[in-house]
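Using the hints, put the two standalone chains together into the complex.
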Amino acid sequence: MGKMKKSWVIRVCVVALIFSVNYLPLCFAVDAPQASTVISQAEQDLKDAYINVSEADSAGADVSLLLERLNRAGAFLSNADSSFKAGSYEDAVTLATECSDTVRGVSDEAETLKSYAQRINSNTIFWAFFVSVVGLILVIVLSLLGWGYLKRRYSKDFLNKQPKVVDV
Amino acid sequence: LNFRNVKSVYTVCCIVLCLVLLAPALDIILPSPGSEKFSELWILGPGHKMEGYPYNIFPETDYHVFLGVSNQMGSLEYYLVRVKLANQSDSLPDKSAGIPSSLPTAYEYRLFVENNATLETDFSFSFNDISFEGNVGRISALTINGKAINVSKPVTRDASDNGFHYTIFFELWIYNSTISNFQFHDRSVGFRIVVNR
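Going down the list, the sequences are from chains P and Z. Residue numbers for the first sequence follow this note's numbering, so the first one is 1 and each next one is one higher. Residue numbers for the second sequence follow this note's numbering, so the first one is 1 and each next one is one higher.
It is worth saying that the hints were derived from the structure and are not from the lab. One or more of the hints may lead you astray.
Restricting the straight-line Cα-Cα distance to at most 30 Å, the calculated cross-link-like pairs of lysine-lysine (DSBU-like) are [to be verified]:
#1 Z/37 - P/85
#2 Z/95 - P/47
#3 P/47 - Z/37
#4 Z/95 - P/85
#5 Z/49 - Z/37
#6 Z/7 - Z/49
#7 P/151 - P/161
#8 P/156 - Z/7
#9 P/5 - P/47
#10 P/85 - Z/147
#11 Z/37 - Z/7
#12 Z/147 - Z/49
#13 Z/95 - Z/153
#14 Z/7 - P/161
#15 Z/7 - P/151
#16 Z/147 - P/47
#17 P/114 - P/47
#18 P/114 - Z/37
This one's a predicted model, so the numbers in the text were calculated from it and none came from an experiment.
Just chain Z, same shape as in the assembly (with noise of 0.2 Å):
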């Protein structure tokens, strides 16, 4: 080992040890790029599994799913899931425009969720009050989660498999602290059902 390569391994060494002490206020100085920032939403079965979804419905019987909302948005979060359901004319959140659907509020969850965290809680309804006519039915009545909630919604029955078919499902807001309010976060999920006598 020559002077020359000594000097040259020297200098490194100090190098990288000035380097590993700078590193604390380097990570203060230096702020971390910060990663996506997103939020999910998704409805699990009774079994919280992806599977079992109540789909043949029958009145006066409680049914039950789970909600999950999960934040990735690197700050605490103020949630508003919005409960909605639809007929097959319904119209559904858009979600490529992010448009969320017109349709009136059955019911909602407010979440409070930290970064990186996820809530999960639990979503049971039934329907109370189902009339049919001819190829018309019509859902009056609805409890969810212990809540009577009066609707009206009429569906006309399908002529591929005689059904009554609805979809209940969930829209994801988001409070927005500058507007003070709440804004679509562009995050729907739903499950199909069909109602019986």
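Looking at chain P on its own, in the form it has when it is part of the complex (with noise of 0.2 Å):
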């Protein structure tokens, strides 16, 4: 009796397992305005990691691993574009997830980046002001006591050349 109860919970699990293997796809299954929903956040992600990027860039940080980033996100989303319109829904998602998990991050790394490049040009900018200014005052100080000098010597020569009254 207890065999037979086995067999018949073991065929059970079996023809369970074969539904839930035929069926269980079609209940995740994606379809076309779920792919569009998430091809379109993708799309998103990206171009706010781009215009990040793009002001790190602008204030002098070295950008080119973000790049790399940026353009791999984008072969992703470019190929699931393509999976769309071909009508793999579930490439489709795949392929802009990819997109969307390659570019997360980025934002934040672009923000260090930018602060770290907008420090040094403020440290740049400090310098520079204070060598040019330091150094013109500098300039003008020597230049104005070089000038007494050679004032003073020209002086000095032009005297010694005047004729003099001589006893013969």
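Here you go:
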């Protein structure tokens, strides 16, 4: 009796397994509007990341590594678009998600690089002005002193060359 | 050298020295005049030269060219390159009016290029489903960079050389953050192909 019960349980499990294999993908199937939403989100993520990286680049930061990630994400998004047009919505969602994953954190990193570049820039500006102003003051002071010295020396030479009355 | 000459030389030397010392600060205060802003788009043959572009196309055969974009816009740019397939009667981009082609996009590239930099990428394609019926040929499916793309593009036989001619062309679009969208950047390149059985 126990053996029969056991075999029934196994049969039910096998049937349930077959059903789940056949119908589970249908439960998680992606349709066009869903895929379109995920692609739109990925597009927005990419645009946001680009704007932040662009600002960091304008501030003078080295964004080459972030640029690589943007280009990789761009390739994922292009392929997601192609898959969507070909009707492979699941592929499209997978690729669009990869795009979003690739640019995740890019904006924060760009922000950090931007702050760092701005700090360096303000230091550079400060030192450029400092050197210019101090140098200018030094040149003015030294040139005035130099001019005084030159003037004195020239006058002395000039006076030495004056005709004198000499007893013969 | 009289005193007046010495005075002039001395004054000129002091002014030059002041300008040299002020140069770093002036460089920050006065922005340098910007150069002309533009972008470039090109395609090169398989040998990375302006030759050997695929012309005679056979079904199920892979062809390969290089697509390049150069950025001289003064800042990092986000480009969209749209790949389109046209037959003899389709409209190509109007460069003089700056109007893109109204044809659907078969494939697109999203490229981020730094200022004064170039980016080159592969463009590989093959035609998978070409049919011919009398004087009409039709491409129903093509593969671009490994992605299958459904198209339905008929073409009539050209009377001059009995060939079925298409043009594969690339349009350059640029992202405008003010309008949060892409704009046609008035650059396009392409190459003609003739499909065979």
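Checklist entry - So which of those numbered hints doesn't the model satisfy? => result 1, 6, 9 and 11
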